[in-house]
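> What follows is the residue order along each chain.
Number of protein chains: 2
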Amino acid sequence: MKATKKYNFYAGPAILPESVLHQAASAVTNFDNMGLSILEISHRSPNFTKVMQDAQLLAKELTGAGDEFEALFLTGGASSQFFMTAMNLLNTDETAAYINTGTWSTKAIKEAKLFGNIVLAASSEDDGYRYIPKQLSNLGNAKYLHYTSNNTIYGTQYHQLPDTTLPLIGDLSSDIFSRPVDLNRHAVIYAGAQKNMGPAGTTLVLVRKDMLGRVKHQIPTLLDYRTHINKGSMFNTPPVYAVYVSMLTMRWVAQQGGPEAMASHNSKKAAMLYKEIDNNPLFTGYARKEDRSKMNVTFNINDETLENAFVEACSEAGIVGIKGHRSVGGFRASIYNAMPVEGVEKLVDVMQTFSKQHGA
Amino acid sequence: MKATKKYNFYAGPAILPESVLHQAASAVTNFDNMGLSILEISHRSPNFTKVMQDAQLLAKELTGAGDEFEALFLTGGASSQFFMTAMNLLNTDETAAYINTGTWSTKAIKEAKLFGNIVLAASSEDDGYRYIPKQLSNLGNAKYLHYTSNNTIYGTQYHQLPDTTLPLIGDLSSDIFSRPVDLNRHAVIYAGAQKNMGPAGTTLVLVRKDMLGRVKHQIPTLLDYRTHINKGSMFNTPPVYAVYVSMLTMRWVAQQGGPEAMASHNSKKAAMLYKEIDNNPLFTGYARKEDRSKMNVTFNINDETLENAFVEACSEAGIVGIKGHRSVGGFRASIYNAMPVEGVEKLVDVMQTFSKQHGA
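These protein sequence lines map, in sequence, to chains F and G.
Just so we're aligned: 187 in our numbering is position 187 of the first sequence, and the numbers increase by one with no gaps anywhere.
Just so we're aligned: 94 in our numbering is position 94 of the second sequence, and the numbers increase by one with no gaps anywhere.
Some clues are possibly wrong.
Straight-line distance between alpha carbons at most 20 Å, and here's what the computed SDA-like set of lysine to any residue pairs gives [claimed, not checked]:
no., chain 1, residue 1, chain 2, residue 2
1, G, K143, G, N117
2, G, K113, G, T103
3, G, K113, G, E125
4, F, K110, G, H325
5, G, K209, G, K268
6, F, K5, F, K346
7, G, K107, F, N230
8, G, K107, F, D224
9, G, K268, G, K143
10, F, K231, G, A25
11, G, K107, F, I219
12, F, K216, F, G232
13, G, K231, F, S327
14, G, K231, F, T103
15, F, K231, G, H325
16, F, K113, G, N117
17, G, K5, F, S26
18, G, K50, G, N236
19, F, K216, G, K113
20, F, K323, G, R44
21, F, K113, G, R44
What the hints contain is simulated information worked out from the structure, not anything from laboratory work.
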């Protein structure tokens, strides 16, 4: 299928399973044997209505969501959920608590402040967001606690949920379906598709319905979760193709054995890569060991003058998307669900060869 | 490419050019010879950055937009622009005028009321939205006048712009790029992609920059046009694939000769179909003749008991998407830019044969 074999370590949009891409391409010419492209059929046609229903069912199945939750496929990315969560759940005179573990948390806090009283429960800003803060404060009268499950830029991840009895709002953009989630602790989880769920263009929101309808201010129709709940996520034209490819990807996750199987697959890949980082004298991991992400492995090269040469060595081996985010520098290997073990082996191989060549 | 030849008359998502679908499918397996799918590459990669820039340039070129305008590819559909236009341009104590020509105008009015004082300049509700009202009132101190350029459900269309010196906000969702537009009369035009521009999943907003930054209320970052203007429509991850396919479709429009050539092509198709409706004793057009749409041709069958039989006859000829919207009934033939003359000929042929068979 591909012109040359590439190992795709992009942070997002990111690698998707080969079998999904194959079906996704086929649907662009002839979807469901309709003799039409999926790009040009009505979203009210039975063929697409079924795709949306399957996507909603799969999202609920893979997260263990009960009937009290609704699965919505919206647009606008996680960035839109930063304000939509607060807009739908918080009154101006109410308080919500937020944990700041990096860039995305910071943005979520900024938007929520437009709708209520926002308190900081914890932050890891003091050490360049290298860790997940465990001690929480200011939870007193908060309506919910918001956290970012995995931090793509810094390479940290929650390995257990924040220690509170408050309903959680979780930004799971970069680790949804990569491991089981305890949805019963949550009021809302949301995730931009473009890491573990599909291509850019849709955002999954799983919302506990009894949390809604309690705010006094008016909400534009399209920003009110209830609008989408009442119409099965089809109030207006949904992002048809992004939902379709997400549905295919969720089906692939289910076929692989679901989030439990993904967790074991992802742990194996992460262990291989962190082992190499820790053993190779040329490299140093960025995040604290106990909070390391199994999705985004961040590391630096000890001799920064070798940075470009390492990127070049990766490139020659077919490895793309390895450069770190500009706010951390160094390297970032994103090893989402669809990354095969073979891709990580290739990267480890390049690291070892490069290390030998440069006398480490 | 297709299993069987279909004539796609869906109202939206709708027919796209064959050559666009061919390129769109190819990019899902190997985009730009990168050895990667367009669904799995970073939106910050030079390959996609170029797609976004090309899309912005084409949108401006095809509408004749000068430097005072910015072209944004957002999400959320035209339905999100119903509130975003008012949210970005109107203060609570200011007035805006709206023309009600049907379902979509009604929704735009409802959302705008959350942000300012909305007055009705005209309405065609009194006659089932069969016409475009020409007399306007209440324009006195309005900041802008909002209109819906083409009404997909009722099959009416503005053939000249509303008679006012006020800046216009135009919902061009269903007729953008189908004919030239006088952008200089507008503050904003917006269009959901899924008719004449591409697949569902992105919305074009052309906004005159000097209209912004004048409102007193706070706007969530993602809903502020200035956020997207400042970042070249890449503040957060855009809907990559929908923008790509829209870019291909706009390029196709340019290759066909641009909106002028499209207007002539569309007038020819519409004339053929309306001629048959007017001559065939079995059918009656829905909209008033002078306001008939060249995009969505609405008509009823005089003997309603034949409705299903006509749909069946169309279906046998490979014609899909011909059923009218539930609020109007009858039939609707959507003949957007990508519909070839051949498709309209086929429909006329079926109408004539059906008419003979049923003794008209």
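> Now look at each hint and say whether the structure bears it out.
Status of the hints after comparison with the structure:
Among the hinted pairs, G/K143 with G/N117 is consistent with the structure: their alpha-carbon atoms are about 10 Å apart, no more than 20 Å. Distance hint between G/K113 and G/T103 is fulfilled; the C-alpha atoms sit about 16 Å from each other, no more than 20 Å. Proposed proximity of G/K113 and G/E125 is supported: the alpha carbons are some 19 Å apart, at most 20 Å. This hinted pair does not check out: F/K110 and G/H325 have alpha carbons roughly 43 Å apart, beyond 20 Å.
Among the hinted pairs, G/K209 with G/K268 is inconsistent with the structure: their alpha-carbon atoms are about 36 Å apart, more than 20 Å. Our distance criterion of 20 Å between C-alpha atoms is met by F/K5 and F/K346, whose separation comes to about 12 Å. Straight-line distance between C-alpha atoms of G/K107 and F/N230 comes to about 17 Å, which keeps the hinted pair within the 20 Å bound. Of the pairs offered as hints, the one joining G/K107 and F/D224 holds, with about 15 Å between alpha carbons and a cut-off of 20 Å not exceeded.
About 37 Å separates the Cα atoms of G/K268 and G/K143, which puts this hinted pair outside 20 Å; it is violated. Under the criterion of a C-alpha separation no larger than 20 Å, the hint pairing F/K231 with G/A25 is inconsistent with the structure, at around 30 Å. Between the alpha carbons of G/K107 and F/I219 the distance comes to roughly 14 Å, so the proposed pair stays at or under 20 Å and holds. For the suggested pair F/K216 and F/G232, the alpha carbons sit about 24 Å apart, so the restraint of at most 20 Å is broken.
Restraint check for G/K231 and F/S327: satisfied, since their Cα atoms lie roughly 18 Å apart, inside the 20 Å limit. Between the alpha carbons of G/K231 and F/T103 the distance comes to roughly 17 Å, so the proposed pair stays at or under 20 Å and holds. Proximity of F/K231 to G/H325 is assessed by CA-CA distance (about 17 Å); at most 20 Å being required, the pair is judged to hold. Among the hinted pairs, F/K113 with G/N117 is inconsistent with the structure: their alpha-carbon atoms are about 26 Å apart, more than 20 Å.
About 17 Å separates the Cα atoms of G/K5 and F/S26, which keeps this hinted pair within 20 Å; it holds. Restraint check for G/K50 and G/N236: the C-alpha separation of about 16 Å stays at or below 20 Å, so the hint holds. A hinted pair counts as satisfied when its Cα atoms are at most 20 Å apart, and F/K216 with G/K113 qualifies at roughly 17 Å. A C-alpha spacing of about 12 Å is found between F/K323 and G/R44, which places the hinted pair at or below 20 Å, so the restraint holds.
Pair hint F/K113 plus G/R44 does not hold up; C-alpha atoms about 29 Å apart against a cutoff of 20 Å.
Going through the hint list in order, the structure does not satisfy hints 4, 5, 9, 10, 12, 16 and 21.
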